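Using the hints, put the two standalone chains together into the complex.
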Amino acid sequence: MDPDNQALIKRIVDEQGGADIVVMLGAADAEAVEVAAETVRDGDPAWVGPLAGVQLGLPVLHVFEDDMKEQADAEVYEAQIGFFEMTLDAEGVKAAMRRVRGEA
Amino acid sequence: MNATDGARGGDPMELRGKKVIALGERDSVPGEAIAEVARSAGAEVIEVRTECFV
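Just so you know, the sequences run in chain order A and B.
Using our numbering, read the first sequence as starting at 15 and increasing by one per residue.
Using our numbering, read the second sequence as starting at -18 and increasing by one per residue.
Looking at chain B on its own, in the form it has when it is part of the complex (with noise of 0.2 Å):
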């Protein structure tokens, strides 16, 4: 797997066991949101942020 792989039309990015970086948005999706998907695949996720561009 190289840096580009994920979702293009190959074989897909394998989640379980993995160390996830969730970066979410105030006025889109939360960090916290994307970080409770990641953890039903299988994931680990070791930093959520949540950015406000006000």
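Just chain A, with the same shape it has in the complex (with noise of 0.2 Å):
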């Protein structure tokens, strides 16, 4: 994950807590996917970012996944997703964040 976004994300923790706080990724790259959910939850694995040895422990949801695609306004989802997730690799994703939550 960008250092950038490992910063914005503690700074967050930092000031409001991490209760209630959700994270929710974008990226259509498995791997990247898997490091994304990791950093937010258990620090960055690569030891470099500001998250580095900082578990936070955030929940992690990916826009693909049904648990986001069951709570969305279905049009909304339509309108705002659905392309991407015809176009882009959706099962790959949901596959990625089932072995970060252990289930793969």
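Pairs of lysine-lysine residues, derived as PhoX-like cross-links and limited to a Cα-Cα distance of at most 20 Å, are as follows:
id : chain 1 : residue 1 : chain 2 : residue 2
1  : A       : Lys83     : B       : Lys0
2  : B       : Lys0      : A       : Lys24
3  : A       : Lys83     : A       : Lys108
It should be emphasised that the hints constitute simulated quantities derived from the structure, not laboratory data.
Note that the structure is a prediction, hence the values are computed from the model and not measured.
Pasting the structure below:
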């Protein structure tokens, strides 16, 4: 995950606390998604960014996941995400999220 | 709910009332598209970013 985004997330949690915060991802690369999810939960696995050694324990969702799709307004979801879901590797991303959660 | 909750086949992660940090990418799903969807689910979007890897 980009160090700037790590710094952003760390600042928000420092200022507001981690309660009720959810990180939502939109990356299409499965490996990048796994790394991002691990970073905001367990800390930067590369040990180079501001979240190195910082376990924020934040919940993470990808915008392609069913939890997101089922709670969003269907028309909004289709308008904003439908095209990307069709053209990008949505299944690969969902599999990556399952791996992060130890489900696969 | 713990850090790994959400989309695990158990209780779904409730988004209503949550504070969302939307991290998109220019070459995949932009942050603002994520934010719109999160708002439609009842979440408060507190930060939106769209990364560019060019």
